[in-house]
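Those protein sequences? They're chains A, B, C and D, same order as listed.
Note that my numbering gives residue 197 to position 192 of the first sequence, counting from 1, and the numbers run on in steps of one.
Note that my numbering gives residue 255 to position 250 of the second sequence, counting from 1, and the numbers run on in steps of one.
Note that my numbering gives residue 132 to position 127 of the third sequence, counting from 1, and the numbers run on in steps of one.
Note that my numbering gives residue 120 to position 115 of the fourth sequence, counting from 1, and the numbers run on in steps of one.
Hint data in this document are derived by calculation from the structure and do not stem from the laboratory.
A few of these clues could be false.
Repeated chains share a single entry, so a pair holds when one copy, or any two copies, can fit it.
[To be verified] Heads up, simulated EDC-like pairs for lysine to aspartate or glutamate below, C-alpha to C-alpha not over 20 Å straight-line:
id	residue 1	residue 2
1	Lys136	Asp282
2	Lys230	Asp247
3	Lys230	Glu187
4	Lys230	Asp282
5	Lys335	Glu139
6	Lys335	Glu187
7	Lys138	Glu289
8	Lys230	Glu252
9	Lys295	Glu216
There are 4 protein chains.
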Amino acid sequence: MLKIGLVGFGYWGPNYARVLSDLAGAELAVVCDPSPERLELARQRYPGVATCEDIDALLERDGVDAVVIATPASTHEALVRRALEAGRHVLVEKPMALRVEPGAALAELAAAAGRVLMVGYTFLYNAGVRKMKEGMAPDAFGDVYYLHATRTNLGPIRTDVNVVWDLAPHDIAIFNYLLGGEPRWASAIGARVLHTSRDDIAFVTLGYANEVLGNIHVSWADPNKVRESVAVGTRRRVVFNDLNDGEPVRYFHRGGSDNGATADSFGEFKLLGRHGDIVSPKVEPGEPLKTQCLEFIECIARGRTPLADGRFALGVIRTLAAIDRSMQSKGATVEV
Amino acid sequence: MLKIGLVGFGYWGPNYARVLSDLAGAELAVVCDPSPERLELARQRYPGVATCEDIDALLERDGVDAVVIATPASTHEALVRRALEAGRHVLVEKPMALRVEPGAALAELAAAAGRVLMVGYTFLYNAGVRKMKEGMAPDAFGDVYYLHATRTNLGPIRTDVNVVWDLAPHDIAIFNYLLGGEPRWASAIGARVLHTSRDDIAFVTLGYANEVLGNIHVSWADPNKVRESVAVGTRRRVVFNDLNDGEPVRYFHRGGSDNGATADSFGEFKLLGRHGDIVSPKVEPGEPLKTQCLEFIECIARGRTPLADGRFALGVIRTLAAIDRSMQSKGATVEV
Amino acid sequence: MLKIGLVGFGYWGPNYARVLSDLAGAELAVVCDPSPERLELARQRYPGVATCEDIDALLERDGVDAVVIATPASTHEALVRRALEAGRHVLVEKPMALRVEPGAALAELAAAAGRVLMVGYTFLYNAGVRKMKEGMAPDAFGDVYYLHATRTNLGPIRTDVNVVWDLAPHDIAIFNYLLGGEPRWASAIGARVLHTSRDDIAFVTLGYANEVLGNIHVSWADPNKVRESVAVGTRRRVVFNDLNDGEPVRYFHRGGSDNGATADSFGEFKLLGRHGDIVSPKVEPGEPLKTQCLEFIECIARGRTPLADGRFALGVIRTLAAIDRSMQSKGATVEV
Amino acid sequence: MLKIGLVGFGYWGPNYARVLSDLAGAELAVVCDPSPERLELARQRYPGVATCEDIDALLERDGVDAVVIATPASTHEALVRRALEAGRHVLVEKPMALRVEPGAALAELAAAAGRVLMVGYTFLYNAGVRKMKEGMAPDAFGDVYYLHATRTNLGPIRTDVNVVWDLAPHDIAIFNYLLGGEPRWASAIGARVLHTSRDDIAFVTLGYANEVLGNIHVSWADPNKVRESVAVGTRRRVVFNDLNDGEPVRYFHRGGSDNGATADSFGEFKLLGRHGDIVSPKVEPGEPLKTQCLEFIECIARGRTPLADGRFALGVIRTLAAIDRSMQSKGATVEV
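Chain A extracted, bound-state conformation (with noise of 0.2 Å):
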């Protein structure tokens, strides 16, 4: 039975404090949050849990193999050193920290000390996200031709990083799992309509490999929400449209024969083939913190390297470092 440490019980913590309290193979030991208001509630609700203000309480105690960090962004690289320095496995949420080296060396501290260093990238979880990769199986998809994802909403505006950093990591992330790679470079505009002091709206371009780009567009201003991703290629288009229940990922076929995929100066005058089959494929519902969760556990116990390990999140981290000086440079191509 592992027994694991939660630090935060703010607005997510709770989230993870009632899935790990679930898991079979997982107790929840401790709860670490510096309110006191918070730890009563968490002493209401899991009546056996120990609690402390502190991580260095936290990690004084035996019996804690695994810490769990949902503290705000800000605070995540130091705590998850000292988690790893105390020699603890670490689910941290994203990002893991908010710049690039630090980034490394927590990565690098993670390999050194034989621990599972993992980053709560959920939608790598996600079933819509996992059914999506699946419709990009290269029989059945062909080349990639580019992704494109959009994530709007009004707000909640964060005060410590800007609409980039806040809702881009997703996208990237899984931008980067359904490619199997990282971009190459990024090319961006932002703007702060809100009047507030960092990019509210943006407009990202990413390079990847094989001249495929990512495009993704963020915004704290627009009263639609849209969690939406799209992947392009020779075959068929694939959606993954989060806030469709009931059909939450969408293949859209090219019909007709494969011999206009690459127009020549005969043929593109015409329609390049034709729109086939719309098929939405049955995706199993289920809890992607869960699954998250479930695949730390099994991580530690069978020492595998989760998919979205340190140097997974230091791709991300570098990216969003490239989108910010390109934001500041209005849009030139900076190299990740």
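Based on the hints, put chains B, C and D in the right spot on chain A.
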């Protein structure tokens, strides 16, 4: 009764012939096309119409007051010049020209000759775009935050222009119409996913006055046809979806009080206002091409300048040229 | 070259004129209408066409092989009889007659005369309905459980027939076509919500062979236009939505194994199987009226009986009459 | 602090436990279930709660003011009687009883005892249904023309009741709530398409005052889940779609002037008015079960009668019984 000559009876020209022959106040007097078969078809459909093979023959005829040009894009510039020099009013399909300087010359020529020069941006006469602009009235809409547009489909691929020159003129014209001005700069990334000789997908960001952004996604490679324009402002989001017959225009309102619009350090953690009602205003059906032709006739009759005159068209061409240059420099901002 | 006379150039007739004048293998020879203005319009659009004011004048002409009748419903029966007695093939708009016995007489007359009698159930030539039937192939569909259809809108209100005779013929014809048979009984409730002199909404249930039900909801009073036909079977649900241009036909599959199809006392507490994939098969566009006219010409040329012959039409009329009687007896089942 | 005993901790009971244990003003004091395992689960989740195996033990306890019953339908009647006879307030899941007379006796018993008897028609506390009723305010809605509802899915099939008793109570309760009255008659056709021992699909028409019809389509055999209620009136159509999270309620307005509402012999050929705007009003999220439980507590505290009291529930049972009789006589109208 205004007598009109139609140059070009290929793919698009017959639509003009049908509309012009139904309008009170105008008469389709001559059809001009190099193909004898096309002229035969024109005579069959419009028994009284005269036909000729080139614009010179057309312009030699008495009593042709105005010329409508619906030929391939690369021929527009020369044909417009000929018609204006011969003292005729001109309605030409977009784009008016493929380069900035010749386009500017045409605009000047029309002004000097006192002739109407109108460019066929039919979307400006689309009831949905009109309703969209109505929905952006300052009282109801507030400040403009940004615009974005998507125009994707499987081809049809052009051999004389790239996807930006083929599809984006519609979106640029709509943006310029909605904002009442032209962009100041462009940042764009394109790609040749179909391995043709020109960019077949592109992600474009335009910078307008007051730091308003306009983003455009165009693609010839997507097996899902989308025709959508979106404007986001302080109080609502307005959408025009040309493929949604039942509800082509939708307003997504921000609910609640406005004091969250400019989030301060205290409140910006929280949701920026709330989502409100969604309204699909009734849009009266009507054929945009007919409305456009009526406007052309009206402008001639009353000596009025059309919305999409030479200057307007020149603004679009200038923007397209800037997008091309930005794509060549991989996203770096280029002044329009 | 088959010479065709068109009787009726009012609301619907011009569509026949347009389609017939475009078909290879047929010639629109005469147009017949009591209104001089309508005849003038016909001559203007089709310079070579002859015109006359009544069907007698039309039938006196040599060389008219077939007659298309597009006049008000109450005139159909007499016009069809005249044309058949004069030895002409007939294509008449639905309904062929307003009562059962005269309808039966027409069907017999056509058979005795060896002439094609076709009734204009255009939905049978609609690519969406055809694809729907394709989707009901026994292997893929299983047994038919039941059908239902909705046909609602704001009017247009008719003064000569009630809403059932106006709208339900489409649905009955589609049901009979999909099931390959006619209903045995009808149970229906109607109402006059608009305070007109005839029922303007109705809920109808029809009983087909093998205890298959067909339910129809028709309304002139609903400000939401719906045109939808649904078939539910063992393995899938098939929908035809005539207002969904992009995805007019959809298949909703049952997932999992079939052993839950006939739930027994042990298993029937549980979910009856699982929901499966949803597929929108590509439906080739095409104008149903054109396909229908081509079929009429083919039937004449090859001596074939059309799908919607007199007998088929009689089945629909018999059903409409039974629905009327059931509405009068407030829902009690009436044999067809 | 009101002390509440919960009878039944099987499928639905735990939801009551969760909601009741979160409410200020009430305390979940006892959980009663025949299964030791379920009681163990209850104690684990709610450490302070008492447990017992049958209602007698529960009613013997002091200080239990009210009882919530969430057991199988066939047990409701006896349990409600026991609780009322013991002087407790009762909230029971629908249906209150399976036959009319015993149901009437329960309503009388509650009245005589001066106790609150509430039946769990949660949809009456659903924010979408509330908004629907709001949208039917006479000024905005005009006269009610008719209602219709669809409630379909793949099972879950019940073995103790048919599909009408399983699903239609929701729709009848919603209709009665919206119209402020009960139906006078019913006409219904059912079928056993799954070859089970009870009707598994049914088409029902109910007759309310002022000749208003209410139509209900219920099915256990449809692989497309639908939960929709529609009201059509003079000025608008109001829809509640429980599966549309983003826009659960929509108003479809009739446009133009109202003088076409009662079409006369002159105008009724024409379109009855025009389609107008479509509005999706913001619906505040909230858990209906919680609102319902709050209402139960309020009614007890203030001596108020709940919306869904014994009389209301009896009206639904009476209607269900009439539907059964009409199905047996194949659609003939049966008085409620």
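Tested hints:
With identical chains, the CA atoms of Lys136 and Asp282 are at most 20 Å apart both within one copy (18 Å) and between copies (12 Å). Taking the closest pair of Cα atoms, Lys230 and Asp247 come within 20 Å of each other both inside a single copy (10 Å) and across two copies (19 Å). For the homomeric pair Lys230 and Glu187, neither the shortest alpha-carbon distance inside one copy (27 Å) nor that between copies (29 Å) is at most 20 Å. Proximity of Lys230 and Asp282 under a CA criterion of 20 Å is satisfied inter-copy only: 13 Å between copies versus 28 Å inside one chain copy.
With identical chains, the CA atoms of Lys335 and Glu139 are never at most 20 Å apart, being 36 Å at best within one copy and 32 Å at best between copies. Within a single copy, Lys335 and Glu187 get their C-alpha atoms only as close as 22 Å, which misses the 20 Å cut-off; across copies the closest is 19 Å, which meets it. Proximity of Lys138 to Glu289 under the C-alpha cut-off of 20 Å is restricted to the intra-copy arrangement: shortest distance 14 Å within a copy versus 30 Å between copies. Taking CA atoms no more than 20 Å apart as the test, Lys230 paired with Glu252 passes in both settings, with 17 Å inside one copy and 12 Å between copies.
For a Cα distance limit of 20 Å, the shortest separation of Lys295 from Glu216 qualifies neither inside one copy, at 36 Å, nor across copies, at 43 Å.
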